[in-house]
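*Asks:* Take a look at the letters that make up each chain.
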Amino acid sequence: MITLYDYELSGNCYKVRLALNILKVPFTARPMDFHPAREHKSDWFLKLNPLGQLPVIDDDGLVLREAQAILVYLASRYDSSGHWYPRHDAAALGRISQWLGFAQELTATAGAARLHDTLFLDVDIGKCRAGAHTLLRILDEHLWFAEQAGEKWLCGADRPSIADLACFPYVMLSEEGGISRLPYPAIRRWGDRVKRLPGFIPMPGIFPAAAA
Amino acid sequence: MNRWFAVSACGEVPHGQVAQSQLLGQELVLWRSAAGALNAWENRCPHRGVRLTLGACVGEELRCQYHAWRFASGSGQCTHIPSHPHQKPAGTIRPQVFPVFEDGTFAWVNLTREAVSPQRPAAGIDTALRSIFARAPVAAVRQVLLRGYADQSVGLVDEFTLDATEYALRFMLQPVTEGQTIIHARLQGEVTAAKRMTVLRHHNVLMSAVRDHAEAAA
Amino acid sequence: MNTSPPVEPVLWDDWHPVGEMVQLQRTAVLHTMLLGVPLTLTLAADGSVTATGAPHGSPVPLPHVQIRYGLVWLCLGTPAREIVDFPETRESDRVVCTGGSVAVAVSGLRAVENFLDLGHLAFVHAGYLGEEPHTEICAYKVEPLADGGILATQCRVYQPRPSPMESQGFDVDYIYAVRRPYIVVLFKANPVEKERMDMIALLAQPVTEERCVAHVLMAYPPHNVDVASLRWFQQLIFGQDRPILENQLPKRLPLDPRAEISVRADSSSAHYRRWLSAVGVRYGAVPVAAA
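Protein chains in written order, with this note's numbering: chain E, 438 to 649; chain X, 61 to 278; chain B, -2 to 288.
Among the clues, some could well be false.
[Stated by the list, open to error] Subject to a maximum C-alpha distance of 20 Å in a straight line, what follows is the list of computed SDA-like cross-link-like pairs (lysine to any residue):
no. : chain 1 : residue 1 : chain 2 : residue 2
1   : E       : Lys632    : X       : Lys148
2   : E       : Lys632    : X       : Gly76
3   : E       : Lys478    : B       : Gly124
4   : X       : Lys255    : E       : Glu578
5   : E       : Lys478    : B       : Ala25
6   : E       : Lys589    : E       : Leu530
7   : E       : Lys478    : B       : Val224
8   : X       : Lys148    : B       : His131
9   : E       : Lys632    : B       : Ala25
10  : X       : Lys148    : B       : Cys135
11  : X       : Lys255    : E       : Lys478
12  : E       : Lys589    : X       : Arg256
Calculated from the structure, these hints are not laboratory results.
Put together the whole structure using the sequences plus the hints.
*Replies:* Given below as structure tokens:
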């Protein structure tokens, strides 16, 4: 049984919770006192992840940090359909990794803006917001042209990949950091499609889609 | 002011979707019912003021995210208050509804409540280009467009037509707020399937350049 | 220098929470703001807290600072009374902790009113504090409190997961007490100890008229309870409320009953708004327009 070291309001932890639910992998969440006690910086946790960050999973002794790395592992190990991380398609893996990198940039900009506005993180808020808008503009343009070509997901035609799960949370939580998504209609439609995936679960700040 | 403004290509708001928009500072919720009716309302629930864009379309109604009050497509009338499920809500409970019409390719909104949809000639088969959001006032955008869009210039106003090879290109400017504008554009005349993506990408590059110039000047 | 306070005395001469001790103990210095006045809180080696701020021009040490309930409290004027008392925190077997303070871009009065609201529980907190089809809110009682504020009783809601300890649903009795304009306490029936109630208090720090920090104080009877789980649940619930609060327009709480539409389920909200007008609160509100 996988143990997930978790924080309810973390977008990165939510990426893992989302993947676990969609892939129907059973797990136990160990809620960490991220705020205000900063349990993720305590000595016992630093032994698990010296970076002192969440999420971390422990799958029967295999300990992994980094949300994107965990998504790669979960999809490779537990996805029988093979579409979340198609290991035998080099071009697809290249594209997915590209967008996993993009997801990291979203965390550093939109994610940081959100932590600044809610939990007092000390960052250059103007720079974070401007950086987030640059990324969202690129994402919106990519998704708009993908739609025109009949594609619904970040990296391919008819099936989503872990790239979609990795980019979704901090995009959809952007307003909590003062970043409006009014200029990005293609992102809105893509977000709705992610919300309608079987096994989708919400998190505080992301509302589920209405029943179809 | 009794004026119609393009706010969205029709295809940008599919059935059952709720979108955020803004015109001359007025926040709007643009949503399309399951049956296809497009609505443009003030983006504010009359109950506790929560933005209706957080809500969801449920059939022919828009449901507010806070207390799940439901409002009917078309009239905006409140149809259901879950905390009092057996009572019929008073007929006066509704957000402000703005006139909206679709010309086959674009949706237009007027902020004057009594406005009557204009009789527009059938637009024929038009292609909507990708709309571009600019952090610049509408005057700055207009100026850049007039100075030259791929080195072709035309006459004035917020809608104008450029003749280019096989098709005519028409721009419609949406003043979002004093410092923000959305540039909408349509190709009048058919674009063949083979050329479609090339044409869309071509104009996306040009219109993005218009945005960059307008933002730099602002 | 005799300057009249920039903010009405009912707020200026009262105590407000301005920081969570767990956070201050880590950073030693906290920069914050109260009623528009920038403040700096400093933790001394002996564990005491000093505050400096500029309520009337240049920064001065602020004399009225106290630590209570794991929070730093400040009064910018002359305290007209004591810090709000929470006797439950003195019951020796209760688990008492702060919940993790969160900044919200809305007036603290809107945050208090949201805390009182029952109609949203089945939707915003679906699966926890309420659930369809149990959406009907039956009539409840609202009355004034002897030393100011309002009390709402006989509120009852079906809750599938009322607290972190419960995995079963049941009908929960709620009592709310608005103790100050920006402070409200909730008492929830405890499933194990029928005579005792879980206590959760929302203490909103009015940063500006349109921004607040939501501080939370909890005191639970001891069964099956640990601090990490209480904080997890509280932050989950508040995390669900926050995007609603930040998308309310106007950001200040309208006190005129004609400004927004109320139904019978909004009884505590109607009483709360009337009481705020009666005691002269304007900061963070849109006051009733003069006739």
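*Asks:* Take the hints in turn and mark each one as holding or not.
*Replies:* Consistency of the hints with the structure:
For the proposed pair lysine 632 (chain E) and lysine 148 (chain X), the alpha carbon gap of about 32 Å is over 20 Å, so the pair is violated. Distance restraint check for lysine 632 (chain E) and glycine 76 (chain X): the Cα-Cα separation of roughly 14 Å lies within the 20 Å cut-off, and the hinted pair is therefore satisfied. Taken as a hint, the lysine 478 (chain E) and glycine 124 (chain B) pair is broken in the structure, with Cα atoms around 31 Å apart against an allowance of 20 Å. A threshold of 20 Å between alpha carbons decides the hint, and for lysine 255 (chain X) with glutamate 578 (chain E) the separation of about 19 Å falls inside it, so the pair holds.
Under the criterion of a C-alpha separation no larger than 20 Å, the hint pairing lysine 478 (chain E) with alanine 25 (chain B) is consistent with the structure, at around 17 Å. Under the criterion of a C-alpha separation no larger than 20 Å, the hint pairing lysine 589 (chain E) with leucine 530 (chain E) is consistent with the structure, at around 17 Å. Note on lysine 478 (chain E) and valine 224 (chain B): the hinted pairing holds, with a Cα-Cα distance of about 17 Å set against a maximum of 20 Å. Distance restraint check for lysine 148 (chain X) and histidine 131 (chain B): the Cα-Cα separation of roughly 18 Å lies within the 20 Å cut-off, and the hinted pair is therefore satisfied.
Pair hint lysine 632 (chain E) plus alanine 25 (chain B) does not hold up; C-alpha atoms about 42 Å apart against a cutoff of 20 Å. Simply put, lysine 148 (chain X) and cysteine 135 (chain B) have alpha-carbon atoms about 16 Å apart, close enough for the 20 Å limit, and the pair holds. About 56 Å separates the Cα atoms of lysine 255 (chain X) and lysine 478 (chain E), which puts this hinted pair outside 20 Å; it is violated. Straight-line distance between C-alpha atoms of lysine 589 (chain E) and arginine 256 (chain X) comes to about 18 Å, which keeps the hinted pair within the 20 Å bound.
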